[in-house]
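Asker: Which chain is which? The protein sequence lines are P and Y, in order.
Heads up, the first sequence is in numbering that gives the first Met the number 0, so the first residue is 0 and it goes up one at a time.
Heads up, the second sequence is in numbering that gives the first Met the number 0, so the first residue is 0 and it goes up one at a time.
Calculated directly from the structure, the hints in this document are not laboratory data.
Incorrect hints may appear among the rest.
Because identical chains share one entry, a pair is satisfied inside a single copy or across any pair of copies.
Unchecked claim - List time: in silico DSSO-like cross-link candidates among lysine-lysine, alpha-carbon distance up to 30 Å:
{"no.": "1", "residue 1": "Lys-221", "residue 2": "Lys-316"}
{"no.": "2", "residue 1": "Lys-334", "residue 2": "Lys-221"}
{"no.": "3", "residue 1": "Lys-221", "residue 2": "Lys-10"}
{"no.": "4", "residue 1": "Lys-221", "residue 2": "Lys-337"}
There are 2 protein chains.
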Amino acid sequence: MRPTIEWTDGKVVMIDQRKLPLEEVYTECRSAEDVARAIETMVIRGAPAIGVAAAYGVALGVINVAPGEDLEREFDRVIQRLAGTRPTARNLFWALERMTGVFRENRLLPCGALGLRLLREAQSIETEDLETNRQIGASGKDLIEDGDSVLTHCNAGGLATAGYGTAIGIIRAAFEEGKKIHVFVDETRPLLQGARLTAWELDKLGIPMTLISDNMAGWLMKSGEIRRVVTGADRIARNGDAANKIGTYSLAVLARHHGLPFYVAAPLNTFDFGLRTGAEIPIEERPADEVRRAGSCPITLPDVPVRNPAFDVVPAKLITAIVSEKGIARPPYGKNLKPWRGNRTG
Amino acid sequence: MRPTIEWTDGKVVMIDQRKLPLEEVYTECRSAEDVARAIETMVIRGAPAIGVAAAYGVALGVINVAPGEDLEREFDRVIQRLAGTRPTARNLFWALERMTGVFRENRLLPCGALGLRLLREAQSIETEDLETNRQIGASGKDLIEDGDSVLTHCNAGGLATAGYGTAIGIIRAAFEEGKKIHVFVDETRPLLQGARLTAWELDKLGIPMTLISDNMAGWLMKSGEIRRVVTGADRIARNGDAANKIGTYSLAVLARHHGLPFYVAAPLNTFDFGLRTGAEIPIEERPADEVRRAGSCPITLPDVPVRNPAFDVVPAKLITAIVSEKGIARPPYGKNLKPWRGNRTG
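Here chain P stands alone, though its shape is the one from the complex:
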C-alpha cells in the first residue's frame, strides 16, 4: 500500500479516499488549486492529512509562480484559497501558518529556491506527522486492555494522517504489543468513512473487527459488547472541548450513560489554544446530497430538505482522557493541557 499522500516527480499523489475500498485509485495534484479541490471534495480527509496536503499545496503554489507574477500577492491568494476549503480542522490552519512563517523567513531567496524550501517544509510536516502518530500510539496503548472491545468512529487511521493513525494508532500499538483486541467500527454516515476506510485499514492490519450502523452503538454498549470508545479530533479548544466527525458527540453521551471511558487522540497541531471553549469552533455544513445518497445510490426523494453538519463538539466533561504525542491528559483539562501549550510544534 502506498502512503495516504506523497510527493513524487513534481506532484502530490493521493489515494482517492472517496473511492475506497471498492476502487484503489490515485489522484495527482500539480497545483495549489488541484490540492484545494482534493481537500474540498474529500479525495483526502482527516485533520492531520488535510494539514499535510495543504502544506504541499502551498509549496506547489510557489513552485508554479510564473516569472514576472507578484509573488506576495500570489502567495496570499494560495493561502486564502487553501484556508477556504474546510473550516473545522485546526491542522489545516496550523499548516498554512507554519508554511507562511517559512515563506516570510526565506522571502529573499530566489523564487526557485524558495519553492524548494517550502517543499522541504511540507515534507517535514509529513514526516513529523508519521512520527507523532507513533508517539500517540505509544502514549495511549496502555488505555486499551488485553481482551478489550473498542468502538471507533469515522476514520482516525493511517488514511487520516501521514500514516499509522491517531485513534487507530492507539489501537494498533496495543495490538502490536500482543493484546487481544476487538474493534467495533461505526460506519459513519453520511460519507461512510468507517465502513469504507477504517474497515479497509483494520482488514489490512489483521485486527479483528465488527462493522455496525451508527445507531447500533448505544445498544451494544448496553449489552456490554463495547467497553470503551476512542476517536480522533479535528480541533480541540483549550478547555478540552473536542470537535470531531458528526456522531462523536452522541457516542460520548452514550459512553457516559453506560459508565464507559471515552478517549480522544490527536496531535498537538489539532489543539487550538486560542479558543476558550468548543462553542468557538466553526462547524462545517456540507452539501445536502451527501445525506440524500449513500455511496453512489440515491436513498430518498431528490429534493428532501436535509441538515448535514460534518462535525460536532464533545464537551470536555464527557472526555475521560486526551492523548497526544506528549502523553495522556485527564480532567481538569483547563489546567492539565497547559503544559502542552509550550510544546506546540511549528
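Following the hints, put chain Y in place on chain P, whose structure we already have.
Answerer: Then chain Y, alone, in the frame of chain P:
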C-alpha cells in the same frame, strides 16, 4: 395512493416497501407462503402492518387447502410458517392467535365458508387497525405543541400500519389541528426506512421535515433544534420496556441527557402483558449484507464481519409517556398500564 395492504380479487396486494420512494411497485400474494416471504424480506414491515399481513396469510392458507388435505395439519403448518418469519413484533403473534381463535370456533363450517370467515376476520383486523391509529393520533396530539420540532425514527406511519400511523399518526393529528410542526426524520440505517418511507409519507402529507443521518440526532438535541422524540414500538412488556427499531434506545438515552420528552406510540396489540420486562423480548438479528450495503450499493469490503440487530429495547424509565388507542400512560407503567390489560382487543 393505494393502501399499504389490501385484499383484491382473491389476493393480497402490498406496496413493495423495499423499493420506495424510488419506485412505486405492488406485490401480489396468492398464498400463505407468498405472505410469509413478503414479511421476511420486508416487502411489508412495521408491527401493525405485519399483523394485518399475517392475518391475510392465514386466510389464504385455509382458502388454498386442497380437497382431501388434512385441514388441521395444514392450518398448523401455515401458522408455524408465518410465526417463524420475524420474532420481535408482538402484533404478528397477536394476529395469529386471533385468527387461530376464529379457526377453532368455526372449525365445523364447510371449508370454503371457513376460508371466507377467516378472510372477513383479516379484513376486520385491517379496518380496526386504521381506526386504532386515528384514536392513537387523537390521544397523543396534545403532546405536540404549536411550533414544535419533533424527531421520529424509522417509519411508524401509514406504511407501518393499515394506514394513518402510530408515531406519525400523533404528529399528523397535531398537524391537522393547525399546529405548526417541523419533523426531523432519522434516516434509520441499515434499511433506511426513515429516508425512504417516512420522508415519502411526510412529503405527501405536506408536513415540513428535515432528513438527517442517525448520528446527527444527539447534536441537534444539544443545539435545541430537536425538542421531543416520538417513535413507534414493536413489542411492549408489562413494565413499559419497549422494543423498537435499532437506534431507538440511543435516542431515548440522548433525549434523557438533554431533558427532552421521549414518547412511544403503539396499539394495544403491540403490548405483551405476558412479559415481565423487555429483557424477555427476542431481538431479531438480520442478514449482514443489509449493513454491508446501503440501498443497492455495496459500501464496504464484501466479507467484513457485521452485527445487525434489527431492534433494541428502551427501558421504561427512559420513556416519558406511552400512547395507545386508550389514551396516554405515564410512569410508573407497572401500575398505569394495568387498566389497558382488560381492554385488549381480539
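Asker: Should Lys-221 paired with Lys-10 be assigned to within, between, both, or neither, using CA atoms and 30 Å as the limit?
Answerer: neither (49 Å within a copy, 44 Å between copies)
Asker: One pair to classify: Lys-334 and Lys-221, alpha carbons no more than 30 Å apart. Within, between, both, or neither?
Answerer: Answer is between; shortest inter-copy Cα gap is 26 Å, intra-copy 33 Å.
Asker: What label fits Lys-221 with Lys-316 when the C-alpha limit is 30 Å: within, between, both, or neither?
Answerer: For Lys-221 and Lys-316, both the intra-copy (21 Å) and inter-copy (15 Å) Cα distances are at most 30 Å.
Asker: Given a CA cutoff of 30 Å, do Lys-221 and Lys-337 count as a within-copy pair, a between-copy pair, both, or neither?
Answerer: between (35 Å within a copy, 28 Å between copies)
Against the hints set out earlier in the document, a violation occurs for number 3 only.
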